[in-house]
Every structure is written in structure tokens, then in C-alpha cells.
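> If you want the building blocks of each chain, they are given just below.
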Amino acid sequence: MTADGAIVTAPETISPEARQDWREVVQVGLIGGVIAIYLCLVGIVPLFDGRPLVATVISLGETVLLASLAVPGAVAARRARTPRVAVASGAVAGLLAGGALTLLVIAGSVVNLRGFMLNASPELYALLTFGLGVGGSWIPALVGAAMGALAAAFWLLPDRFRSPLVRGLLSILILGLFGGLLRERLQAAGLGEIGRLLFSFEGVTVTGAILIFVGVVGGRILRQRISFRARFDTLPETRQRQLRIPFLLLVIAFASSLPLLLGPAFAMVTALVALYILMGLGLNITLGLAGLLDLGFVAFYAVGAYTVGLLTSTAEFGLLNLPFWAAVPFAVLFAMLFGAILGLPILGIRGDYLAIATLGFGEIIRILVGSDLLKGLLGGPRGIINIPKPIDVPSTNFLAGPVQIYYIAIAFALLVAFVAWRLRGSRLGRAWVAIREDEDVAEAVGINLIQTKLLAYMLGAAFAGLGGAISAALVGSIFPSSIQLLISINVVALIIVGGMGSIPGVFIGALFLIGIPELFREFQDYRLLFYGLALIAMMRFRPEGLLPSGIVRRELHVPENEPPPNVPAGERAPG
Amino acid sequence: MNARLLERLTELAIHTFLWSFRIVVIVVVLVGSFLTLAGGRHGLGTWIDLAVSGAALGSVYALIALGYTMVYGILRMINFAHGEVFMGGAFAGYFTAIALDGAGFLNASPFASIVSVVIMIFVAAAVATGIALLLERFAYRPLRNAPRLVPLISAIGASFFLQYSFRGFFGPGIYAYPGITFLSQPAPIPFLRMQWVEVLVIVSAIVMMTVLYLFVMRTKIGTAIRAVSEDKNTAALMGIDVNRSIVMTFAVGAAMAGAAGVLYALLFRQVTFFVGFIPGIKAFTAAVLGGIGNVPGAMLGGLFLGEIESIGPILFLDGLGVPSPNQLKDVIAFTMLVLVLVFRPSGILGERVSRDRA
Numbered sequence: 001m002t003a004d005g006a007i008v009t010a011p012e013t014i015s016p017e018a019r020q021d022w023r024e025v026v027q028v029g030l031i032g033g034v035i036a037i038y039l040c041l042v043g044i045v046p047l048f049d050g051r052p053l054v055a056t057v058i059s060l061g062e063t064v065l066l067a068s069l070a071v072p073g074a075v076a077a078r079r080a081r082t083p084r085v086a087v088a089s090g091a092v093a094g095l096l097a098g099g100a101l102t103l104l105v106i107a108g109s110v111v112n113l114r115g116f117m118l119n120a121s122p123e124l125y126a127l128l129t130f131g132l133g134v135g136g137s138w139i140p141a142l143v144g145a146a147m148g149a150l151a152a153a154f155w156l157l158p159d160r161f162r163s164p165l166v167r168g169l170l171s172i173l174i175l176g177l178f179g180g181l182l183r184e185r186l187q188a189a190g191l192g193e194i195g196r197l198l199f200s201f202e203g204v205t206v207t208g209a210i211l212i213f214v215g216v217v218g219g220r221i222l223r224q225r226i227s228f229r230a231r232f233d234t235l236p237e238t239r240q241r242q243l244r245i246p247f248l249l250l251v252i253a254f255a256s257s258l259p260l261l262l263g264p265a266f267a268m269v270t271a272l273v274a275l276y277i278l279m280g281l282g283l284n285i286t287l288g289l290a291g292l293l294d295l296g297f298v299a300f301y302a303v304g305a306y307t308v309g310l311l312t313s314t315a316e317f318g319l320l321n322l323p324f325w326a327a328v329p330f331a332v333l334f335a336m337l338f339g340a341i342l343g344l345p346i347l348g349i350r351g352d353y354l355a356i357a358t359l360g361f362g363e364i365i366r367i368l369v370g371s372d373l374l375k376g377l378l379g380g381p382r383g384i385i386n387i388p389k390p391i392d393v394p395s396t397n398f399l400a401g402p403v404q405i406y407y408i409a410i411a412f413a414l415l416v417a418f419v420a421w422r423l424r425g426s427r428l429g430r431a432w433v434a435i436r437e438d439e440d441v442a443e444a445v446g447i448n449l450i451q452t453k454l455l456a457y458m459l460g461a462a463f464a465g466l467g468g469a470i471s472a473a474l475v476g477s478i479f480p481s482s483i484q485l486l487i488s489i490n491v492v493a494l495i496i497v498g499g500m501g502s503i504p505g506v507f508i509g510a511l512f513l514i515g516i517p518e519l520f521r522e523f524q525d526y527r528l529l530f531y532g533l534a535l536i537a538m539m540r541f542r543p544e545g546l547l548p549s550g551i552v553r554r555e556l557h558v559p560e561n562e563p564p565p566n567v568p569a570g571e572r573a574p575g
Numbered sequence: 001m002n003a004r005l006l007e008r009l010t011e012l013a014i015h016t017f018l019w020s021f022r023i024v025v026i027v028v029v030l031v032g033s034f035l036t037l038a039g040g041r042h043g044l045g046t047w048i049d050l051a052v053s054g055a056a057l058g059s060v061y062a063l064i065a066l067g068y069t070m071v072y073g074i075l076r077m078i079n080f081a082h083g084e085v086f087m088g089g090a091f092a093g094y095f096t097a098i099a100l101d102g103a104g105f106l107n108a109s110p111f112a113s114i115v116s117v118v119i120m121i122f123v124a125a126a127v128a129t130g131i132a133l134l135l136e137r138f139a140y141r142p143l144r145n146a147p148r149l150v151p152l153i154s155a156i157g158a159s160f161f162l163q164y165s166f167r168g169f170f171g172p173g174i175y176a177y178p179g180i181t182f183l184s185q186p187a188p189i190p191f192l193r194m195q196w197v198e199v200l201v202i203v204s205a206i207v208m209m210t211v212l213y214l215f216v217m218r219t220k221i222g223t224a225i226r227a228v229s230e231d232k233n234t235a236a237l238m239g240i241d242v243n244r245s246i247v248m249t250f251a252v253g254a255a256m257a258g259a260a261g262v263l264y265a266l267l268f269r270q271v272t273f274f275v276g277f278i279p280g281i282k283a284f285t286a287a288v289l290g291g292i293g294n295v296p297g298a299m300l301g302g303l304f305l306g307e308i309e310s311i312g313p314i315l316f317l318d319g320l321g322v323p324s325p326n327q328l329k330d331v332i333a334f335t336m337l338v339l340v341l342v343f344r345p346s347g348i349l350g351e352r353v354s355r356d357r358a
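Chains as they are written, first to last, in this note's numbering: chain W, 1 to 575; chain X, 1 to 358.
Any given hint could be a false lead.
Derived, one-sided and incomplete: chain X residues facing chain W with beta-carbon distance under 7 Å [to be verified]:
| id | residue |
| --- | --- |
| 1 | Leu5 |
| 2 | Glu7 |
| 3 | Ile14 |
| 4 | His15 |
| 5 | Leu18 |
| 6 | Gly168 |
| 7 | Met248 |
| 8 | Phe334 |
| 9 | Pro345 |
Honestly, the hints are just simulated from the structure, not real lab data. The beta-carbon is built from N, C-alpha and C at its ideal position, and this holds for glycine as well.
Let the sequences and hints guide you as you build the complete structure.
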């Protein structure tokens, strides 16, 4: 790409047809092809193929594949000026993307790709060619062209038609993903008839898909478009504040009835989400407010978990047999103490070094808890078992299982949220934000850097310890194998996706990154792949997160219309 | 008045703490070493063996560290996904080795084995370079002017994306490198019990580092890279293509990491999707140890870290009665990381980048 050529618009005198940049169309098609091949070979398409979206009609894998062919079509068509050119570019891009899959099928029949690519299996080729094998290798290209053209045509529709259709398709997708769960819940609620009509064991039924689509599209078209959001924004501020209270109450009511709504099968998932909300809110003080990227969160989690284990366990290695509630303060205090001990030496170093140093701490603690050195104290790989539940109720009680952990974690999370919210406006909170913005200036205006950072780090550590303590009670045991780097990454990722420094962002982030992957356990292997992609995409397109706090948005988001200095203009052009 | 007193007190506490931290580390090292040596459970032969394997490991770390140090020098960012570039090289080397083994070339003669390893290194370097260029283009370049944490987080994301993409492609299993009989034979070097594989790793690392050093110091593009590291804007004014220099930096660093992947896999004879993570962090330690941005420093730091990791557990901990000290070799490496970051963030040779803060 030349430095300037990519974004300079052509003069008006050239006819609209000539404007279509076919090179870009080809480029988009080829990138689409690479992505389609990637999705196939990395195993997402074959794995998702096992999960029906609309029963007997289409699987999730096929949906992903079709989408990977349709998206290049829509992207290629977006700059075209006439419908015919748009559809043609869409078809070309789709053809190229599908053609890549055709090449994959042919290559697979010539060379034994399976020798090293696990997923280049006959099943994949059968999926790509409707079971025809090499003889049907033309099929992906043709389907690609059709999907590309279709997507381009779809893109041409005026927004008032396109938007309801998109909503309709998305509703089928979302309800299809949760089909089994919804069917089961409707059955439990005595609405089994409706459940069976709309949903199959996995995904929606054909009737269900049609009904949902018609319902959503019809509803969108018929109803006068009322945007609550827009109306809310026009209200005076006092009125806005008044309206927020019932909204909050609604959210709280929903949250407290969530385990009832979802049923016992999902008690563990809700408990985990609540736990991660709690830990996310804790790290949000360290990372979101003070800007300290702590990749060693799991170290303090381990301290909390093992403290509770040692103090409460009735089995070997248990020291005091305390009840859970008596052990929690110690867990928090010890984690905080560890935060101080580990934080004191490293808080003077600069931000990116700090991240790596904390990562090192996480690894050190992880290795130490499983080592022979501490085997006599912490049990080595055998871990500590028989950690009592916080609330001792008979096993038939509603609160017996993970449900109690959910309520405990949510209660603590609200407490932490309150603390964080009050801190943010305080002198200390403003000092944190100042440090995050610019350390040198903050120091110059009289903020004691180490002291202030240390407080943030210790608070984060304390809440990590609390999280560890609760999770030890949730599982009832603690092993070195449960002290994983993944925990630190989970917490950091959910804060970044939700929005650094934003309290509602943590809730959203935990819901998206912890809740949804837990619901689809068969996709576990790809969880971190999606996390990685989410982190890159967030940093690229929305570094402030999904629900950002105002300051962070201003700080992190590069304004669109004024490119920063030293960057040639071409780099900012899409593509 | 009260606030100032408090401030003084915290400062005092911090200083006391840091000093006691230093003293504890020094005492552990000195007392541990003394007790181990006085105990006399390990003969001179053991120490020499450990030093040799430390040198082999250290040269691998040094090769990876070069990528970290050069990228940090030019962009002031930690390329967290560099370990995954290394892993990609190890995988590429594995599949090349399998292909060569299938053709009956790998073990045909000692000469054929060495040629095979050279081919593996070249393929691995090419694949690793490809991965790094994609990484630079899609994960880093759009963020070049963003605040420092932004590209770091993107790099962490890229690291996990690459790891789990490889897991998806090749599965979670451990791939055992095909055995090369020649390499596991002892090399005829007096006083040192070395296998050919260790000789090969050390020699090829030295050759590659020499080539890289000459490339950076003597060629035109190397000069351009150094100029851009020094000052991007001025370099651009002098007619240097900044973008090209940055891309070249990534390419060269990745080629070294890819080659290191093959050497590491030859030493440990296996490769998994997770193989790059820990060596990646250690190589970063090595880069900081030598002074980040400093090319000879990275080589020195890598070697030093390899030796510490190899000799350290037994020398420092065995005498103190720590059971199975080798379990804790990563603890020693990471402690080393923290110690360097805290007490000498500019490294042994001093860093070439200005001491600006995040």
C-alpha cells in the first residue's frame, strides 16, 4: 500500500463503475479465504459442526463457515457505488474465499495433510463438499460466490429492512446456542409444550427458527422505533438519576434470582461468574484505577486459598479447624501482606517491566506450592482437602451446593464495587488516576508514588485473596494444579474487555468471558484462542472496553479524524 | 508535619525492606554455595557437566533474547508473543525433521545429519519470520502510537492466540523429535563430557549471533535499524524508511527465535504448543539482564541465565537441604528476573534506550 494512495478519493469526474477498487476486492477475498481455511484447520468448524443450530438443517460449524464466506462479500461490496458492481464484487470476493477452500480439498486429496494437520480429516472434506469428496471440490467456490453475492445484496438493502433481518438472524443464532438450556427451563416451568415446539435438545427446531425469525422481524418492522436510550439521554440529569434507581433494583432482583432461573445444572457457572466479578473488581483497582498491569494475580489467589485451606481443613494439613468465616479475614490479611512484601520491591519499576515481574511472581508461587520444599506444609501435589462450606446446610437445601457461593461472592462483589466506587472519587482514587496518567507529573504535584501504588497493589491482592478463599470453599479443596496462570489471564482479560476502571464493565466482562465459555464446555479448548483474539481486537478497535469509564475513553482512544504525528496516512486506512 | 513524618517512615521502611531483601538473597547464595561445596557431594565432573548444559541452554536463551532486545530497542515494547514465534520455529523444525527422516536422509551419515539440522534451522527461521511479520502487521503496527500498555496487552493476546491456534492445528499432545543418532554421541573434546548436540547448539548459536552482530553493525539496513532505535523522527528526516526498519527488526529477531526453537527442541527432543511460554519469559529476563536494547548484552545475559539456571539449584539450594532442588530452577530464574528488574533495571552492560517511564 502506498503512503497516500489508499485514502485519497478519486476525482468526481470518473464514472462510478471505475471507482470500484478491484484490487481491494481480490485482497478481501483472499484474506477471507485464509480465514476460512484457518477456521477449518484450527478445528473450529469441525468441532462446531457437532452442535446443531437449527435441528436437522444447519449446524453451528456450517454457520461459521457460511459466515466466513459471506463476510468478505459484504466487506468487498461496501464501497461499490452501483448495485450491480456491489453484487459482482461480493460474488468475486466470495468466490475467492470459497476457492481457497476448494484448493484445500484438492490439496488434501493429493497430499496427506492429516500427517500433521489434525483437523484435515475426511470428515472436514465431506462437510465442505456435501459428502462428494474431491469430485465435489468445486462446491465451496460456488457456495462462496453465492454467499458473497447474497451478502453484498443484503448490504445494499436500506437500513430499515436490513436491521430487522439482521436482528432476526442473530436471534436465531443466540436462541439456537441456548436451545437445550431454554427447553429444559421451559419444561421445568411447566411450559414443556412451547419448549418442545421451539427448541430441540440442542439448537432450535425448524418451526422454532421460522417463528423466532418472523416474530423478531415482524416485531421490529411493525413497532414504531422507540429508542429508550435516546429518550433517556434527553431527560434532565435529576430525572436520569431517579430512573437509574429502579433500573438498578431490577438488575439486583434479576441477579438474586439467577440461580433459580437457570436451575441446578448451572449453579457452578453462576458461582464462577460471581467469583470472577469479585476478583475482577479487585484487580480493577490495581489495573483500572492505578494502571498497574498485574499478571501475577494468581499468587495472591493462592495465598488466600491456601490460608483458608490450612485454617479450616478437617483433613491432613489442616491446622486449626476454624469455621470458614473465621478464616476469611486471615486469608485477606495474608494476601494483603504478601501484596506488600512482593509489591514493595517492584513498584518502583516502570509499567511494562512491572507486568513481567508480577508474571514472574505468579509463576514462583505456582511452582513453590507444588514443590517438595513446602510439601510438609501444603501437601505438595496432594493438596488440601475437606474444606468446609461457608454455610452448613443439609444437602437437600436450596443453598447446599455452589448456590451459596454465588450469593456470598455476589455480596462481597457488591461490597468491593461500593469500596471501589467510593475510592474512585476520593483523594486516593484521584491520586491513582494521576499516577496512571503520568507518573512524573503525579510525583511533581506531591503524590508519594510508592506509597500510593502500594495501596492499590495491596487492595488488589486482598481481593484476590478473598477470591481464592471463596473458591477454595467452592471446590472444597485446593491443589497446586488449581493455581494456574489462566486465572490471572482471565481476570486481566475480563477487565480489559469490560473496560478498564469501569465497574459495570467488570460485570459485563465476567459474563462474556467466564459465563458464556463455561456454558459451552465442549469449546473449552478454544477459550484462550478467543481471549487472545478479543484482547487484540479490543486494543485495536476499542481500547477503552465495552462499557468504559469516561476518563479512560478519552485517554486511550485515538481520535479518528486527526491522525497522530509520525504515522504515514496510509497506515490508518482500513485493510 | 504528620504527613511528612509518615512519608519519611515509609521511605525508611522501603529502604530497610529492600536492603534486607538484598541481604537475604546474598546470604542464601553464599551460605548455600559454601555448604554445598563443603559438603563435597558433587565432584568436579558434575559441575563441568552442569556448566556445559548451562552453556547450551544459555545460547538458546541468548538467541531468543536478541529478538526481545531489538524490538524493545526500536519500539519500546515487550513483544510478549516472541516466545510463540520461537514455538512456531520448533514446530516447523519438527515437521522438517519428520520429512527428512521419512526420506531416510536424517540419519544417513553424520554429514547428512548436520545438513539436515541446517535445513531444519532455515525452514524454522523462515516460518518464524512469517509469523512475526503477520504479528507485526496485524497486532502491533496499528497500535504504534498508543499508550504503552495497549501494545503490551495486544501482545499478550497475540501470544495466547498463537498458542491455542497451534494447539488447534496440531493437537495438545507432545511431539517427540525424531532421534538423530549422531547428535547423541559423545564429542571428542578433552576434559568436557559433551554430546555432539551440545557442540552443535553452541556453535550454531555463536555463528548466528556473529552474523547478526555484523548485520546490525556493518550493513546499511543494520545502521538504519540502529538509527531508528536512537530517534525515529530524526531517522525519518534523514531519509530512512522507518517502517521498513521496524519490519526488518521483527524479521531478524524472529529468524533467530525460529532457529533457537530448533536448537531447543534438539536439546530437549520434544515440542508442544506450550513450549514457547516459559523460555520466552526467561529470554526476556536474559534481555533485561544484559541491558535491554543492547545486542551484545542479550547474548551475555542469555548465557548467564542459562548457567545460573543449570548450576544454581544445586549450588545454592542443595547445601541448604532443600529437597529436589531441580524443581525450583524456574523459581531461581524468575527470582533472577525480579532481582534484575528491581536492583539493576539497566542490566549488566547498561541499556541503550533512554530511561523513560511508562
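> State for each hint whether it applies.
Tested hints:
1. Proximity of leucine 5/X to chain W is violated relative to the hint, the smallest CB-CB distance being about 13 Å (cut-off 7 Å).
2. The beta carbon of glutamate 7/X is positioned within 7 Å of a beta carbon in chain W (closest approach about 6 Å), and the interface hint is therefore held.
3. Interface hint at isoleucine 14/X: satisfied, since its Cβ lies 6 Å from the closest Cβ of chain W, which is below the 7 Å cut-off.
4. With a cut of 7 Å, the hint placing histidine 15/X at the interface with chain W is violated, because the nearest CB-to-CB distance is about 10 Å.
5. Of the supplied interface hints, the one on leucine 18/X holds, with its beta-carbon coming within about 6 Å of a beta-carbon of chain W, less than 7 Å.
6. About 4 Å separates the beta-carbon of glycine 168/X from the nearest beta-carbon of chain W, less than 7 Å, and the hint is met.
7. Because the closest C-beta pair between methionine 248/X and chain W is about 17 Å apart, greater than 7 Å, the hint is violated.
8. Taken as an interface hint, phenylalanine 334/X checks out: its beta carbon lies about 4 Å from the nearest beta carbon of chain W, inside 7 Å.
9. Because the closest C-beta pair between proline 345/X and chain W is about 6 Å apart, less than 7 Å, the hint holds.
Of the numbered hints stated above, those contradicted by the structure are hints 1, 4 and 7, listed in ascending order.
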